[in-house]
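Engineer: So you can see what is in the structure, the chains are spelled out below.
2 protein chains.
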Amino acid sequence: MKIKISDHPTFNKEWDKKENEEKTKKMLKKIGRLQNKMYAQNKFSILLVLQGIDASGKDGITKGLVKYCNPLGIKIFSFKKPTENEYAHDFLWRVHQVVPRKGELQVFIRSHYEDILVPTVEKFIPSDVIEKRYEVINDFERLLETNGTKVLKFYLNVSKEAQKERLIERIELKEKHWKHKDGDWDTREKFDEYLGVYERILNTCNVIPWHIVPADKNWQKLYAVAEVVLKTLEDLDLKWPELVSERFNTQNKPE
Amino acid sequence: MKIKISDHPTFNKEWDKKENEEKTKKMLKKIGRLQNKMYAQNKFSILLVLQGIDASGKDGITKGLVKYCNPLGIKIFSFKKPTENEYAHDFLWRVHQVVPRKGELQVFIRSHYEDILVPTVEKFIPSDVIEKRYEVINDFERLLETNGTKVLKFYLNVSKEAQKERLIERIELKEKHWKHKDGDWDTREKFDEYLGVYERILNTCNVIPWHIVPADKNWQKLYAVAEVVLKTLEDLDLKWPELVSERFNTQNKPE
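Chains as they are written, first to last, in the working numbering: chain A, 1 to 255; chain B, 1 to 255.
Simulated from the structure, these hints should not be mistaken for lab results. Among the hints, a few may not be true.
Since copy identity is lost for identical chains, a pair holds within one copy or between any two.
[What the hints assert, rightly or not] Here are the simulated DSS-like cross-link-like pairs (lysine-lysine), alpha carbons at most 30 Å apart as the crow flies: (1) Lys239 - Lys2; (2) Lys63 - Lys179; (3) Lys239 - Lys164; (4) Lys63 - Lys150; (5) Lys181 - Lys102; (6) Lys17 - Lys81; (7) Lys43 - Lys75; (8) Lys102 - Lys123; (9) Lys190 - Lys231; (10) Lys231 - Lys75; (11) Lys239 - Lys17; (12) Lys4 - Lys29; (13) Lys181 - Lys25; (14) Lys231 - Lys181; (15) Lys81 - Lys43; (16) Lys239 - Lys217; (17) Lys23 - Lys217; (18) Lys13 - Lys123; (19) Lys43 - Lys26; (20) Lys253 - Lys26; (21) Lys26 - Lys123; (22) Lys4 - Lys239; (23) Lys176 - Lys150; (24) Lys239 - Lys81.
These numbers come from a predicted model, not from an experiment.
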């Protein structure tokens, strides 16, 4: 396979923390201003897909990223285990319901990729059924892009050691108990299996490319994600809308 | 009627701007910490209903209020004119679908109260049908409270002069053009009619009481709303959840 997760760092030694954090803050403020303009223009949207193993920091990155944004144009959706009703539909049914409307920045914490990852490792769906999902996802993401949605996909690359530290914090700190699930320790036993499926996804569901982000430290992943989001916003043709009125203009104002 | 809108200031002369803004910032930071705890505890929720005429500042107050909050626990919903499908159901059908889940702070920008206000003034629904909605709303809000939702209702009290200034800004400033609607100037002609219906609502849909907030200046309304939200969060019995585990505790950690 072309992309190997092990070729990508979980921590980038060449980045300087202080310098990096200053750059990140500036980028986040720019992101806020551009996202507000995107919301006003009501033409484009962004779907940010955050994938990574348990405790790779999906929640934290979301908080950091939207700090200076206009909250009216931000939507955040955390995918959980599908309900019985969701299972009774095709796997994209529930996903399609929560894609961004024009103007919005929508964050997916986990996503349709879980519908490949979990059934493959836990083996509760026949492999030929799972197999078809790779191409179906490519088609789905292409559909979203035809409607003015930029799809940005991130794999948060965390080391097994950093994951362990964070999972233990959930047992130690009372402010983090609510995040603890015994099951996360069972999933951790299958760390390498999950990584194998991720690699297949990164190489196959790539009509829209993935960004692999070093995720052992919060400041590193926020920097890396902010860079991509800012570049995307800058490349969109964002404009303040013209005045739409049959009665008024800047010369002819109401009395 | 007991409550008269004209008895309430649109600008509170006794408040000092600088002092007030400092207090507001402190309150907003406390709100952020408590809202995050409410989200973690996953037991209570808050529904914040923002009502007021066009340009009374509903969007702005929402942005200010959630500044230090955990965005994962914030939901914002702006009610627009009902769709054909929504009209084909009872008026609370679409509203009920977007009430907060446990742990969430949900902001309604406009709300079910529009379903009394607009049809009364514009006269497109028979008055005996509208009449029943007052009690139905009281029942609905009571239902939400039985499920651990605190319903906080705000009437943003803006003067006709301040409204005019803000509507004109939307014609003058390119960053605000997108908010302009010619129709807002027609609605403005019916300012007093709308206020009359609001007064009836404030006096009748009062199983859960209203807060009337001076809304001519942004710093005043943010202060007033923050005070109520903070008090509500402080009065809830917010606790970090205990560790739920069949295997681990602080003495017995994973190896």
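Engineer: It remains to establish, for every hint, whether it holds in the given structure.
Structural biologist: Right, here's what the structure says about each hint:
1. In this assembly of identical chains, lysine 239 and lysine 2 lie within 30 Å of each other by CA distance neither inside one copy nor across copies; the values are 38 Å within and 49 Å between.
2. Taking the shortest alpha-carbon separations for lysine 63 and lysine 179, both the intra-copy value of 16 Å and the inter-copy value of 27 Å come in at or below 30 Å.
3. Proximity of lysine 239 and lysine 164 under a CA criterion of 30 Å is satisfied inter-copy only: 26 Å between copies versus 45 Å inside one chain copy.
4. Taking the shortest alpha-carbon separations for lysine 63 and lysine 150, both the intra-copy value of 20 Å and the inter-copy value of 25 Å come in at or below 30 Å.
5. In this homomeric assembly, lysine 181 and lysine 102 come within 30 Å of each other (Cα to Cα) only across copies, at 19 Å, whereas the closest approach inside a single copy is 36 Å.
6. Taking the shortest Cα distances, lysine 17 and lysine 81 never come within 30 Å of each other, neither inside one copy (36 Å) nor across copies (49 Å).
7. Taking the closest pair of Cα atoms, lysine 43 and lysine 75 come within 30 Å of each other both inside a single copy (16 Å) and across two copies (22 Å).
8. When the C-alpha separation of lysine 102 and lysine 123 is checked against a cutoff of 30 Å, the pair qualifies neither within a copy, at 37 Å, nor between copies, at 32 Å.
9. For a Cα distance limit of 30 Å, the shortest separation of lysine 190 from lysine 231 qualifies neither inside one copy, at 35 Å, nor across copies, at 46 Å.
10. Within a single copy, lysine 231 and lysine 75 get their C-alpha atoms as close as 20 Å, and across copies as close as 27 Å, so both meet the 30 Å cut-off.
11. Taking the shortest Cα distances, lysine 239 and lysine 17 never come within 30 Å of each other, neither inside one copy (34 Å) nor across copies (34 Å).
12. Taking identical chains as interchangeable, the C-alpha atoms of lysine 4 and lysine 29 are never at most 30 Å apart, the minima being 33 Å within one chain and 43 Å between chains.
13. Neither within a single protomer nor between protomers do lysine 181 and lysine 25 lie at most 30 Å apart by alpha-carbon distance, with minima of 33 Å and 35 Å respectively.
14. Taking identical chains as interchangeable, the C-alpha atoms of lysine 231 and lysine 181 are never at most 30 Å apart, the minima being 36 Å within one chain and 32 Å between chains.
15. Taking the shortest Cα distances, lysine 81 and lysine 43 sit within 30 Å of each other only across copies (20 Å), while inside one copy they are farther apart (32 Å).
16. For the identical chains of this complex, lysine 239 and lysine 217 are inter-copy neighbours only, at 29 Å across copies versus 35 Å inside a copy, given an alpha-carbon limit of 30 Å.
17. For a Cα distance limit of 30 Å, the shortest separation of lysine 23 from lysine 217 inside one copy, 16 Å, qualifies, whereas the shortest one across copies, 34 Å, does not.
18. Taking the shortest alpha-carbon separations for lysine 13 and lysine 123, neither the intra-copy value of 38 Å nor the inter-copy value of 68 Å comes in at or below 30 Å.
19. When the C-alpha separation of lysine 43 and lysine 26 is checked against a cutoff of 30 Å, the pair qualifies only within one copy, where the shortest distance is 25 Å, while the shortest distance between copies is 37 Å.
20. Taking identical chains as interchangeable, the C-alpha atoms of lysine 253 and lysine 26 are never at most 30 Å apart, the minima being 38 Å within one chain and 40 Å between chains.
21. For a Cα distance limit of 30 Å, the shortest separation of lysine 26 from lysine 123 qualifies neither inside one copy, at 45 Å, nor across copies, at 51 Å.
22. Taking CA atoms no more than 30 Å apart as the test, lysine 4 paired with lysine 239 passes in neither setting, with 39 Å inside one copy and 44 Å between copies.
23. In the homo-oligomer, the alpha carbons of lysine 176 and lysine 150 lie at most 30 Å apart only across protomers (25 Å), although the nearest pairing inside one protomer, at 33 Å, exceeds that limit.
24. When the C-alpha separation of lysine 239 and lysine 81 is checked against a cutoff of 30 Å, the pair qualifies only between copies, where the shortest distance is 26 Å, while the shortest distance within a copy is 39 Å.
Of the numbered hints stated above, those contradicted by the structure are hints 1, 6, 8, 9, 11, 12, 13, 14, 18, 20, 21 and 22, listed in ascending order.
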